[in-house]
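Chain A is fixed; fit chain B onto it per the hints.
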Amino acid sequence: MRGYLRSDGRKGIRNVVLVAYLVECAHHVARMIVQAADDRAVQLVGFPGCFPNEYAFAMMRAVCTHPNVGGVVLLSLGCEGFDRDSLAGAVAATGRPVETLVIQENGGTARTVEAGAAAVARIRAAVDREPDVDMDLDELVVGTVCGGSDGTSGISANPAVGRCFDRLVEAGATCIFEETGELIGCEEIMAERAATPELGAEIRAAVAKAARYYETLGYGSFAPGNAEGGLTTLEEKSMGAYAKSGASPISGLIKPGDVPPAGGLYLLDVVPDGEVRFGFPNISDNAEIVELIACGCHLILFTTGRGSVVGSAVSPVIKVCANPDTYRKLAGDMDVNAGRIIEGEGSADEVGLEIFERVRRVAEGEHSVSEALGHQEFILTYKQFEPIGPSCLPVR
Amino acid sequence: MDQAGIVPVSDVRVVLLHPADNVLVCCQAGRAGDRIACDGATIALAEAVDLGHKVARRDLRAGEDVIKYGVCIGAMTAAAKAGHHVHVDNMTSKYIRSTSRGRKPQPPAQS
Chain A
15 MRGYLRSDGR
25 KGIRNVVLVA
35 YLVECAHHVA
45 RMIVQAADDR
55 AVQLVGFPGC
65 FPNEYAFAMM
75 RAVCTHPNVG
85 GVVLLSLGCE
95 GFDRDSLAGA
105 VAATGRPVET
115 LVIQENGGTA
125 RTVEAGAAAV
135 ARIRAAVDRE
145 PDVDMDLDEL
155 VVGTVCGGSD
165 GTSGISANPA
175 VGRCFDRLVE
185 AGATCIFEET
195 GELIGCEEIM
205 AERAATPELG
215 AEIRAAVAKA
225 ARYYETLGYG
235 SFAPGNAEGG
245 LTTLEEKSMG
255 AYAKSGASPI
265 SGLIKPGDVP
275 PAGGLYLLDV
285 VPDGEVRFGF
295 PNISDNAEIV
305 ELIACGCHLI
315 LFTTGRGSVV
325 GSAVSPVIKV
335 CANPDTYRKL
345 AGDMDVNAGR
355 IIEGEGSADE
365 VGLEIFERVR
375 RVAEGEHSVS
385 EALGHQEFIL
395 TYKQFEPIGP
405 SCLPVR
Chain B
399 MDQAGIVPVS
409 DVRVVLLHPA
419 DNVLVCCQAG
429 RAGDRIACDG
439 ATIALAEAVD
449 LGHKVARRDL
459 RAGEDVIKYG
469 VCIGAMTAAA
479 KAGHHVHVDN
489 MTSKYIRSTS
499 RGRKPQPPAQ
509 S
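Same order as they appear, the protein sequences are chains A and B.
According to our numbering, the stretch in the first sequence is residues 15 to 410, in order.
According to our numbering, the stretch in the second sequence is residues 399 to 509, in order.
Bound-form chain A, shown alone (with noise of 0.2 Å):
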C-alpha cells in the first residue's frame, strides 16, 4: 500500500484539492470553480451558515486537514461569520498549500470563478509533486455507517462488516462505528466490551444522553423505509447496527473531529452535549460520513438494506448491499452483496474477508463504486460538544 505522507505523520491514500466554501453565499461559486476543474480529485466541501460555530469551525479544519487531501482553496463571500484566516492559518500550518478567495474583494462571481480556476490549477500541480511512500494497514482508519437498514441489515453485512472490523483491529488498524442514537438498547452490552470500567461507565452516560436527546425532540432515529424494511423498534435497529462493531474490546469513546491515538474499535459519539440546540443531531447519514471523515477515516464501509447511493467527499466509500432485492435493483451502485448471507450463500466470515480485501484495494487506489460515478456528497451543519472525558482514551 502506498500512502501520502503528512506533515503530522498521518499518510493519506487519496490526493484531493478542496474547494471549500464557508456560507452558503459562496457555494455556487465554489461549485462552479470545482467543475471548471473536471477533475475527480478536485472536491467541493464546505458550511452553508452565516453564523459562527465553533464545531463548525472544528469540522472544517478537520477535513481540510485530513491525511487525504494535499491542498485547499477557500471561497468566501466576504461578510460571513466563519473565520477564515484562522481556518487558512491552520491548513498552512500543516505545510499544505491553501489559497483564500474573497468573492466580494474579487470583483463578484465570473472573476472569482476565474481566479479559483487558476487557484485550484496552482494547489493541483504542487499536490502532484508530493511523493508516495508506503503505508501499512496499521497506519489506516476505517469508519462504519448503515443508512436506510431493514431487517436483512442486522444479519447480513453488518455481522460482515463486524468480521471485516475484528480483522482490520487484528492487523492494528484504528476503527470507528458510531451514531449512540442508533445504539439505544445496546449501552450495557457495550459497557461491558470497554478496555475499562470508566470507559463502560462514559458508553453507558453517552447513550443515556442520546436517548434524552431523542426523547425531547420526539422522534428516534428511525426512518418510515426502516419499518417497510421489517424493523419496528428503535432497539430493533440499534442491535442491528451494533453487529457493524464486531468483537474486538471497545479501545475509547471519541466525538466528532478527535483523532484516536492508537489503533483499536473506537465508538464515535455524534449526538450533542448540552440542552436541545440546533435541531436533529445528525439530518442525514452524511453528517455521520463527514463525522467519522473528521475523526481521520480514510474510507468509511456503509451498509444498506432499503439501498442508499451515496459516497463522499475526501474519503471513498464502500457500499455493502444487505438485502438481495435490494442488490438486485441496485447492483451498479453497490460493492458488496452480503445479501447472499440471507440467501444462504455465503457466511459472515466469507463477506467480512471480501469487505476486507475489497478496503485493502480501495485504500491501494481502486475506485470504490460510488467514488467511480462521481459521488462526493457533503454537510455540515449546526452542532455543540464538550471535549472527551479523561477516562475515553486508551492510556499510551
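Note that these hints are calculated values from the structure, not bench results.
Each hint should be verified, as a subset may be incorrect.
The following label-pair restraints were derived from C-beta to C-beta distances [said to hold, decoys possible]:
hint, chain 1, residue 1, chain 2, residue 2, range
1, A, Glu206, B, Asp457, 24 to 34 Å
2, B, Arg433, A, Ile402, 45 to 55 Å
3, B, Asp409, A, Asp52, 23 to 33 Å
Below, simulated DSBU-like cross-link-like pairs (lysine-lysine); rule was C-alpha separation at most 35 Å, straight line [as the list claims (entries may be wrong)]:
hint, chain 1, residue 1, chain 2, residue 2
4, B, Lys492, B, Lys479
5, A, Lys223, B, Lys492
6, A, Lys343, B, Lys479
Note that CB positions come from ideal geometry on N, CA and C, so glycine has one too.
Chain B alone, transformed into the frame defined by chain A:
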C-alpha cells in the same frame, strides 16, 4: 449464537438468530398459508410477510417482551399466535416511539 442458523423449511426460509428468540426473521417473502418448519413442528404463515420481517415463533401474549438476537427489542401491544407477523401493529419500543408513513406513532411501552 452457536445454535443460531438457517432453519430448513418447506416453503419460506426463515432464520432463528438466537436460541432464546421468540421471533423468526424471513429470508424471503412469504404468502399466507406458506409453511415454516419451526422447533420440530410446522407452522403456517397467517398472512403475507416480506423479506426481513418478523414472525412469531410461538404464541405471544400482549405485554410480553419480544426477543431477537437474544435480547429484548420491545414489547407486544397485542397477542399474536405462532406464524403471525410481528410488527408495528402489535409491538412497540420500550424506549422511543417509532414512526412510519401514513400512520400515527405509537407511544413507548411502559416498563
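Right, here's what the structure says about each hint:
1. Glu206(A) with Asp457(B): 24 to 34 Å: holds (33 Å)
2. Arg433(B) with Ile402(A): 45 to 55 Å: At 53 Å between Cβs, range holds.
3. Asp409(B) with Asp52(A): 23 to 33 Å: With a Cβ separation near 54 Å, aspartate 409(B) and aspartate 52(A) fall outside 23 to 33 Å, so the hint is violated.
4. Lys492(B) with Lys479(B): OK: lysine 492(B) and lysine 479(B) at ~21 Å, within 35 Å.
5. Lys223(A) with Lys492(B): Between lysine 223(A) and lysine 492(B) the Cα gap is close to 16 Å, so the pair holds against 35 Å.
6. Lys343(A) with Lys479(B): holds (34 Å)
Consistency with the previously given hints fails for number 3 only.
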